[in-house]
Amino acid sequence: MSELNIKFRDPSEVMKLSRLGSFHQSKLSFLRSFIREFKDWDYKRNLFDLDKNGYGTAVYSFSKNKRNYSLVCFAQHIDSNERSDRVIATKWDAAFVLHDGIPSKEDINRLKENVPKQEVGRASYKELTLSRANKSVRAFDHVVNSLSLGKQPDKDLLNKVGYLYRTTAVYGSGKFGLADRFRIKDRKEIYGPFRLEMMLVYLVRQFTFDQVNHIAKSRNPSKAVQLDVKIARNLGIGNSTGLGMAPFIVNHPTLLHKWIYCREKALKEIRSIEEVNASDLNIFKDCLAKSKTSINSWLTDSKYQKNKINSLKSDLIKFDQYLEKECSIKIKYLWNEIYIWSSKNLEEECLEYIVSMMMEPYDDIIDPLINNMSSEEDEYFTIPAHKKVSDLKTILESNYKSIIKIDFKEKNSTANFWFISKNKEEPRVANRYEEHGAELEQPLAIARDIKKLYEKIAQAKQSSTIAEFLLYNDDVRHVVRRAFIIDKFPYSEIQDNTIGASLVPIDMLRLKLSFFGAVKFDPRSDKWLRINMYQGAPLSNELKNSNDTWVYNVFN
Amino acid sequence: MQSLSEIDTTSKRASKAAGFSWGIAEEIGKAIRSLELFGLPGVINLNLYLKKIKKNHPKKINKIGKENKNKETCPIYCGVAFLDQCKQLETLEIIKFYNVNYPLLILPFISKASEILGKKILIQFNNTSFLANFNKSILSKNIDKQISPLANEINIEFLENKNSFSVQDWKELYKLSEETFVEESESLKLKGAGAGLTDND
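Going line by line, the protein sequences match chains A and V. Here the working numbering is used: the first residue of the first sequence is 1, the next is one more, and so on. Here the working numbering is used: the first residue of the second sequence is 557, the next is one more, and so on.
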């Protein structure tokens, strides 16, 4: 046990949006834990029925011990003016669904009618996740042309793009008729969150490689070559992500807590290591060195992101000097020293980068945490209404210290409102004082409503029960529930104002995407961004012999 | 078919649109999901009830007593208040509500209360009985209509935890179970147990 008694980092520090928006992928990320879990499953391409242009149906599966998961892919022709990577599109180059088991012909025919329609089609309880993707036309056409001429594609061009296809949404958990989580939650292989979404994206990546090889071969059977596996490995799947992800982290407080808690627990345990051995330090140094190639290929037009990347790059130079000069395994609690130095000398972007890197040597710390990152949210839904108003006041004062200081009479504090768009049923954010619709605001202004609750609680009879309080105050019931959740789950709440004028919604997206394991965050505005997933990951036929540090193999 | 997740989300949003607060709407989403999971017609009843109240929002419940006489009782406000206050209400043993609209909608809240209290709760209205079973299931007897727009009287009874079988039934079953035991010899008595021969130390 550590003599230092390292504590968890305070939620008031970690749960600030600027900090959450500086998180990076790590060994806890869902892409990586998916590959670790499924690496020994049998991968198979069950069906590949594409025409010479690459349009048609394909099925890929993972199987083990009589359990099968099958990705069913439908590729079609669309005109260039129909191709949009915003969620508001209605047609896509390809549509995908993850089917529970091996689909029958009837299943495939049913899915063919529905999956390409996405939100307006219907899936069944036999389907688990649903997605669609568009080609990166520039990269896709270049690769097909090159391969059909017997040449490998230009690596520089591919490095800039990073993928052949970009998804625009991956749906799961009962959306559009998909299976509810309760049907499958007891399966051990999917204990980690979003594991089936990660599986879908991984198999889609394989489909993109098979499709370009197939089209090139059809175009020029005698001359065409297959895409070089090293080039393929450096390609991931792109994703365009909008505001849909932001409410998710507000609407799933216990899940958010689990993710952050596991990251914080890992950090605490690593900082508590008294004697750091040389091989562990070398793993850290090796991953850090290799990861720089990826940072250097991180391109964006966003000024906001450019500043963050530049801060990361210059801080890493500082950190390297510190590591070289001042860090030795002779120092007791070396990781703690490194963390303390980093927190004093580095910006948030780099500090959280180092935190991610510190996890790399420690399978023994990380692995037990992975299966603890899901949450049975319904267990914490019921309000403990027998408690006293004074209990709630104490909870609010200790868990929302900075929130209850915000002055919501200031216009800037309530500048934005969140709503659901009627045409796409997707979350959006708009200026409360310039746009219409604020009367239909979604319950995502947690800070404002907590403050309102606090003011009401302060006036209420402290010995009353919560049940009595709620009889006359049901307008704040949703935040009473949250307050009792945060009492048990301290990392369940964003400690910032999600409707303030200075809100940067992409910070909320990045938090979630970093846990997915996404890289190359490329904001296209303050409300949506592009990312890359699985860049550097082992190909399907390489899974069994893959190692977990594949994410640092990109371009190395 | 619609997933339970869709039923939850849509019920929540529809309830908010019909005038309930977000916090109550969240409760309704979970309640309708639970009714449908138990095979009871939650969506139909909610839909009809929300249409009924869209223009004339129901009155809230102030306090629940043994006899709750109102001209009209909202099953949602009544159910939520019952759930919130269930620990105090338990002592009343039997509670009556009068003139409850769409009474089926009160069931999921009582079912949840049954789980919290660790007691089965019997609900009776319109010649139909429902047994809320620790929120694991809702058993129903004589349910002949899927939709009942009004219950003149709902009787709610907290049931004491007691066996559903006689002492004799238990004895007979236990006797049979003994046939899996081994008759101990003196040697087995000495060696078979993990504990020491004396516990005076």
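It cannot be assumed that every hint is accurate.
Said to hold, decoys possible - Think about it this way: if two alpha-carbon atoms lie no more than 16 Å apart in a straight line, the pair counts; the simulated EDC-like pairs of lysine to aspartate or glutamate are: (1) V:K619 / A:D210; (2) A:K44 / A:D210; (3) V:K572 / A:D474; (4) V:K616 / A:D475; (5) V:K615 / A:D475.
Stated by the list, open to error - To list a few chain V residues with every Cβ distance to chain A over 10 Å, as calculated: (6) W578; (7) E583; (8) K586.
Calculated directly from the structure, the hints in this document are not laboratory data. Glycine included, every Cβ here is placed at the ideal spot set by N, Cα and C.
Hint compliance check: list the failing hint numbers for this structure, sorted ascending.
Checked against the structure, the hints that fail are numbers 1, 6, 7 and 8, while the rest are satisfied.
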